[in-house]
Amino acid sequence: MLPMFVADGISEPREIHSMPGVVQHTRDSLRRAAADAVAAGVGGVMLFGVPRDEDKDPTGSVGVAEDGILNVALRDLAKDLGDDTVLMADTCLDEFTDHGHCGVLDAAGRVDNDLTNRRYVELAVAQADSGAHVVGPSGMMDGQVAAIRDGLDAAGHTDTVILAYAAKFASGFYGPFRDAVGSSLRGDRRTYQQNPGNAREALHEVELDIDEGADIVMVKPAMGYLDIVRAAADLSPVPVAAYQVSGEYSMISAAAANGWIDLQTVALETLTGIRRAGADIVVTYWAADVAGWLA
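Per the working numbering, the sequence shown starts with residue 2, numbered consecutively.
Where hints are given, some of them may not hold.
[Stated by the list, open to error] Using C-beta positions, here's what the derived DEER-type ranges look like:
(1) I262 x E67: 43 to 49 Å
(2) D54 x D228: 37 to 43 Å
(3) S62 x G225: 16 to 22 Å
(4) A171 x A255: 18 to 24 Å
(5) A109 x D37: 43 to 49 Å
(6) G198 x D143: 16 to 22 Å
(7) D160 x P238: 15 to 21 Å
(8) D84 x L295: 19 to 25 Å
(9) R111 x G225: 26 to 32 Å
(10) D154 x W294: 39 to 45 Å
(11) G10 x D37: 20 to 26 Å
(12) S62 x L236: 34 to 40 Å
(13) A296 x E208: 17 to 23 Å
[To be verified] Below, a list of computed lysine to any residue pairs in the SDA-like style, where the Cα atoms sit at most 25 Å apart:
(14) K80 x E13
(15) K80 x S30
(16) K80 x P21
(17) K80 x G45
(18) K80 x P14
(19) K80 x T159
(20) K80 x A292
(21) K80 x E67
(22) K80 x D143
Source of the hints: derived by calculation from the structure; they are not laboratory data. Each residue gets a CB set at the ideal place from its N, CA and C atoms; glycine is no exception.
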């Protein structure tokens, strides 16, 4: 599965300097790139929206808005691609809030779990209305999967799939991604993402999301957490996904650019390792490249 970024207020694709070869797309360039990726054999696209800074607010309302960049782009791709690929949306608030956190903050500046879940339901329904086959709650709120499942069903989206970020760790490998989405984050997310040293809690979170109705569970990042991927695959009755994140992509790209390693060899080796660990689905910025290499 290929992650893609679409930005509001730009007239041509904008390079993400910390992620060589990855760009923030315009609506038009996204349509072309997504069509090319599907033609190459990519199994699906995961779409992230990048609003203008002036459109961000404390509750991430542009993420729900019908004319918000993510929802508009979803409608574009749904019209162009239909069921030729799996169209997934990132169901989180961090791109849309002026504070950069994955949820709504309370008066003390802490993420309000229950209020955030209500916003996630609104996000998920808006994304499904716009054509997403899969919604991807990535905020690690307690009870987010159950809330979204109930909200989707009530809105008539009983067939919309939930890919739960079940074990998302508070990782240093997310740095380039924050450039990609123009993050406004102040502080960190360690109060709601997983402690990298706590495997038991991570697997408990996987089990909770399965019990709440997740159709797919995901481990993120992938390469530093292959033991969690393997353990999740052993316990999960639903497919397991793993996300080869921006920092993993960028460090391999940088080493290859310096001539220290061969990019194609190492990219395929790492992706094979993720699959060997038990991932049924791999999210990687090399998805379109890999489809071409394998063809």
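Legend entry - Numbered hints the structure breaks, given as an ascending list: 3, 13, 16, 22
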